[in-house]
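Enquirer: The lines below spell out each chain.
There are 2 protein chains.
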Amino acid sequence: MHANLLNLFDRTIREGRLAINNGRIAGVSLLGPENPSLPYILPGFVDAHVHIESSMLTPSQFARLAVVHGTVATVSDPHEIGNVLGINGVKYMIEDGKRVPFKFCFGAPSCVPATTFETAGAVIGPKDVRKLLAMKEIGYLAEVMNYPGVLNEDPDMMAKITLAKAFNKPIDGHAPGLRGDDARRYAEAGINTDHECFTYDEALEKIDYGMSILIREGSAAKNFDALIPLLAEFPNKIMFCSDDKHPDSLAEGHINALVKRALTLGHNVFDVLQAACLNPVLHYRLPVGLLREGDPADFIVVDNLADFNILQTYLDGDLVAEGGHSLLSNLRSDHVNHFNCSPKKPRDFVCQASGESVSLRIIEVLDGQLITNSVQEEVQVKDGVIESDVERDILKITVVNRYEEAVPAVAFVRNFGLKSGAIASSVGHDSHNIIAVGCDDESLCQAVNAVVEAKGGIAVVGHNQTHILPLPIAGLMTDVDGYAVAENYTRLDQFVKQKLSCTLASPFMSLSFMGLLVIPALKLSDKGLFDGDKFSFVPAYG
Amino acid sequence: MHANLLNLFDRTIREGRLAINNGRIAGVSLLGPENPSLPYILPGFVDAHVHIESSMLTPSQFARLAVVHGTVATVSDPHEIGNVLGINGVKYMIEDGKRVPFKFCFGAPSCVPATTFETAGAVIGPKDVRKLLAMKEIGYLAEVMNYPGVLNEDPDMMAKITLAKAFNKPIDGHAPGLRGDDARRYAEAGINTDHECFTYDEALEKIDYGMSILIREGSAAKNFDALIPLLAEFPNKIMFCSDDKHPDSLAEGHINALVKRALTLGHNVFDVLQAACLNPVLHYRLPVGLLREGDPADFIVVDNLADFNILQTYLDGDLVAEGGHSLLSNLRSDHVNHFNCSPKKPRDFVCQASGESVSLRIIEVLDGQLITNSVQEEVQVKDGVIESDVERDILKITVVNRYEEAVPAVAFVRNFGLKSGAIASSVGHDSHNIIAVGCDDESLCQAVNAVVEAKGGIAVVGHNQTHILPLPIAGLMTDVDGYAVAENYTRLDQFVKQKLSCTLASPFMSLSFMGLLVIPALKLSDKGLFDGDKFSFVPAYG
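Going line by line, the protein sequences match chains A and B.
Numbered by my numbering, the letters in the first sequence go through residues 150 to 691 in order.
Numbered by my numbering, the letters in the second sequence go through residues 150 to 691 in order.
Just so you know, these hints were derived from the structure itself, not from any lab.
Each residue gets a CB set at the ideal place from its N, CA and C atoms; glycine is no exception.
Keep in mind that a hint or two might mislead.
To be verified - Partial selection, computed: residues in chain A whose CB lies under 10 Å from chain B:
#, residue
1, Gly339
2, Tyr358
3, Gly472
Unchecked claim - Each computed DSS-like pair below joins lysine-lysine, with the alpha-carbon atoms no more than 25 Å apart:
#, chain 1, residue 1, chain 2, residue 2
4, A, Lys247, B, Lys285
5, A, Lys531, A, Lys494
6, A, Lys285, B, Lys604
7, A, Lys285, B, Lys285
8, A, Lys285, B, Lys531
9, B, Lys285, A, Lys314
10, B, Lys247, A, Lys314
All chains should be modelled from the sequences, with the hints used to inform the complete structure.
Expert: Below, the structure written as structure tokens:
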């Protein structure tokens with residue numbers, strides 16, 4: 150192939166020719182200086198931290214959509230399916246990923262269940278982590294979210310970290326807002342990355358303690374603008390990731406979009422590509438080619454280094470995407486699941502109270518952030534119960550155990566802004582119980598039951614309609630054509646915004662994080678309302 | 150293949166069957182409990198630190214001899230040839246190694262030249278280290294011998310360490326006797342291993358600072374007995390290595406001998422194999438199979454776990470050794486060299502002095518150790534010169550610059566014990582100038598000139614005979630059949646011991662380390678006598 154060849158090691162651009170043989174770079178011939186009339190060949194992009202499950206697609210469908218954007222590899226923590234199905238879920242992801250020529254690097258989930266304050270579908274203990282780390286397909290110990298466990302030297306947590314060190318595999322961090330001596334101790338425990346920084350100063354401090362920083366821009370959390378200034382100063386220490394990416398957004402763009410944004414801001418193209426291509430391959434030792442002789446022939450062709458349109462994507466020498474079209478097969482996959490609960494009744498969601506009014510502890514959603522605020526408001530008790538108050542945007546939120554029959558946990562939330570109806574999802578980080586928000590108990594129950602009957606999915610109820618996107622694989626994913634899933638997802642998302650008046654940018658994504666206890670301040674598990682700062686349950690009202 | 154299969158991850162032994170396809174383990178079927186009537190299959194052995202050049206064999210010849218002993222891989226610092234030929238020497242080793250199905254992992258030499266107190270043939274600076282680390286064939290930054298440079302934060306040294314971290318490749322240490330806060334700071338700089346411990350306590354302390362310990366038992370340094378007690382307590386932290394292994398000793402045995410010794414001492418077989426097989430593969434991420442499905446079919450077959458006789462060795466599914474015979478080809482290699490000096494005259498080695506006697510600063514060799522003592526003795530001056538004193542075992546030692554014409558450096562040494570004649574070698578760590586010891590200036594000069602005329606080799610002069618083993622590749626190696634080299638080497642070694650009365654266990658090995666300035670206490674470079682404790686030149690007498 151004849152093009153301008155980018156050498157990310159030497160930081161040079163030369164006109165040259167690539168010879169490819171048997172899936173590998175057989176030779177690199179340099180012919181002269183950069184020739185702007187030719188396209189550009191460079192290594193493909195890597196999403197350095199993405200939960201494939203959040204795309205609601207199987208790994209094979211995920212890859213089919215991602216290659217169009219020049220993505221050739223992901224570093225992926227399968228802890229969503231791990232929470233549902235344990236190490237068998239992890240193995241499912243590995244095996245499904247092997248069906249396509251895309252370079253998935255899966256981690257051993259380190260925190261399943263995420264906390265002891267919720268009911269998950271499985272436990273991945275130190276012995277399971279050992280089994281996973283012994284697999285060559287497992288590239289790292291996935292995000293150590295239990296930072297209190299690290300700082301308090303919890304024996305199980307430390308055993309997993311020690312195992313990762315013995316297997317010489319990198320250890321991923323997840324420590325939102327951790328600063329100072331705690332951040333230093335967390336890094337010194339051997340944790341090498343963090344993708345949870347939301348300020349420049351926090352990231353700078355963590356770099357100082359030796360960590361690499363993953364700049365995250367996903368469907369939910371968006372930290373690009375705050376953190377991209379770090380790139381010029383620490384090009385060795387920065388990677389790009391999406392963390393969670395809904396199917397609609399995956400259909401639109403991926404790491405390529407971050408590359409373009411960084412270039413538009415005036416960053417050096419080699420700094421940008423070091424973060425997008427080189428650093429993750431080196432850090433996680435991915436089997437991804439970097440255009441050296443003998444490397445796997447993984448690379449992309451772009452029109453020029455300003456527009457950066459992806460013309461072609463190659464994996465192991467095969468063309469896998471061209472001109473915006475994926476050439477990977479549209480594969481169906483086996484359905485595996487763990488779903489054991491029966492439909493609920495509206496009365497299961499009633500909140501009884503005595504007196505005339507109570508002080509409600511309300512989860513305040515922050516659009517585009519995983520953290521929430523905890524606010525308190527006085528609300529009226531009517532006929533001995535507390536109901537959603539649409540006027541004041543105080544809505545009921547519930548988490549329903551999907552692994553066994555149990556009483557739903559109910560609390561209140563602000564900033565979804567629904568004026569009617571309800572939404573529900575079996576994607577509820579990290580235990581993936583059913584999580585729902587609604588304006589009245591009838592709608593709330595109907596949305597929950599739509600998910601129960603499908604044994605997984607995202608549902609919306611309102612205007613006398615019920616819509617569902619079924620997620621038959623672990624209640625998290627589907628093997629339907631990813632582009633159809635993206636369209637269906639967009640339809641539901643639009644319905645929630647336009648018909649139910651939800652004001653959030655990504656209602657289902659925000660919904661799914663209302664159960665993520667490890668990120669403060671106030672979250673809901675199937676067992677009750679949880680204060681992430683105190684790391685303990687608190688009453689929803691009283 | 151039907152045998153007992155050792156699983157080093159689960160620490161189990163089960164009767165089973167291996168299916169091999171296309172060089173990989175296609176399937177592992179377990180059939181029942183251990184069956185002592187069958188042989189045993191386990192991963193092959195790894196020498197976790199060996200300078201191939203010290204075998205005097207090319208990598209392809211080294212592999213040919215090593216596979217017989219069940220060795221399937223080495224972690225090899227090519228810094229001997231690096232000192233002679235720079236990064237072209239490193240590339241020579243890589244390319245020669247690729248000609249055989251043996252898994253060499255080469256490092257980027259970090260300290261070439263070893264010191265500024267000697268003349269080497271090349272410099273490998275930070276830019277060269279960067280080029281090497283960018284190569285996928287380079288697996289790590291090789292032994293950081295310049296520990297004062299690390300502790301004093303020498304800019305070049307730190308740049309190399311920073312590069313290795315950016316490329317996420319392990320950093321090997323070399324810090325003999327470093328203890329306490331200095332050892333802690335050395336480890337904290339990111340240096341992960343040490344193969345230079347000679348006491349249990351020193352190793353324990355370094356483990357405490359996070360380092361892995363390589364138990365070394367080579368032709369020169371032997372630390373097995375002192376360090377093997379660590380294995381039971383720290384099976385994750387121990388590897389085996391030879392560091393320097395002469396051809397005669399490589400023909401006899403390798404890591405298999407250490408495995409047998411450890412088992413004889415009563416160590417758990419899985420602890421032993423973790424050190425011999427598993428830990429180096431994990432630490433250096435070697436592409437060596439570990440009997441998992443999908444792994445390269447690299448393994449060995451032994452008769453039983455007590456006698457541990459190597460019946461067969463397989464690499465990538467091919468039988469490469471059987472019943473003590475190598476099935477690898479006897480390959481010839483290109484000759485590369487760097488040798489630019491002309492023959493010397495006996496008068497070049499004369500030591501002039503005034504007065505009746507002088508105080509000599511003598512290098513005292515310790516048999517089997519790389520360190521030396523520095524002793525002082527009063528000697529007579531006869532006719533204005535100082536000569537070797539065979540009676541008191543005070544012999545002349547010289548280092549002759551082989552890269553350019555220069556005046557030989559001359560000093561005195563004890564414990565070689567030669568009664569007549571001289572020995573010389575172009576293997577002289579780390580600069581590989583010509584180093585020689587002799588009983589009189591005539592013999593000394595004759596031995597040096599034998600090496601000069603061959604442009605490299607080891608030579609012995611005495612009893613009116615001159616014998617030489619030519620080393621035409623960089624003055625360090627030969628591509629002649631390794632078994633013939635071993636025999637020739639043994640002949641020279643025997644001649645030195647039996648005819649010249651040398652009392653050292655390995656005269657040429659000890660000779661080659663008399664120029665290794667980084668290991669204290671007293672050594673000789675082409676520029677003069679060097680005090681390794683003070684890290685400065687000292688006068689030989691006066």
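Enquirer: For every hint, state whether the structure bears it out.
Expert: These are the hints, each one checked on the structure:
Look at Gly339(A): its Cβ gets to within about 9 Å of chain B, closer than 10 Å, so that hint holds up. Proximity of Tyr358(A) to chain B is violated relative to the hint, the smallest CB-CB distance being about 12 Å (cut-off 10 Å). Interface hint status for Gly472(A): violated, as the beta-carbon distance to the closest one in chain B is roughly 31 Å, over 10 Å. Taking the CA atoms of Lys247(A) and Lys285(B), the gap is about 24 Å. The hint holds against a cut of 25 Å.
With a C-alpha separation of about 20 Å, the suggested pair Lys531(A) and Lys494(A) falls inside the 25 Å cut-off, and the hint holds. In summary, the hint linking Lys285(A) to Lys604(B) is not supported, as the alpha carbons are separated by about 47 Å, beyond the 25 Å threshold. For the given pair, Lys285(A) sits about 18 Å from Lys285(B) by alpha-carbon distance, which is consistent with the 25 Å threshold. Distance restraint check for Lys285(A) and Lys531(B): the Cα-Cα separation of roughly 71 Å exceeds the 25 Å cut-off, and the hinted pair is therefore not satisfied.
Pair hint Lys285(B) plus Lys314(A) holds up; C-alpha atoms about 22 Å apart against a cutoff of 25 Å. Proposed proximity of Lys247(B) and Lys314(A) is contradicted: the alpha carbons are some 30 Å apart, above 25 Å.
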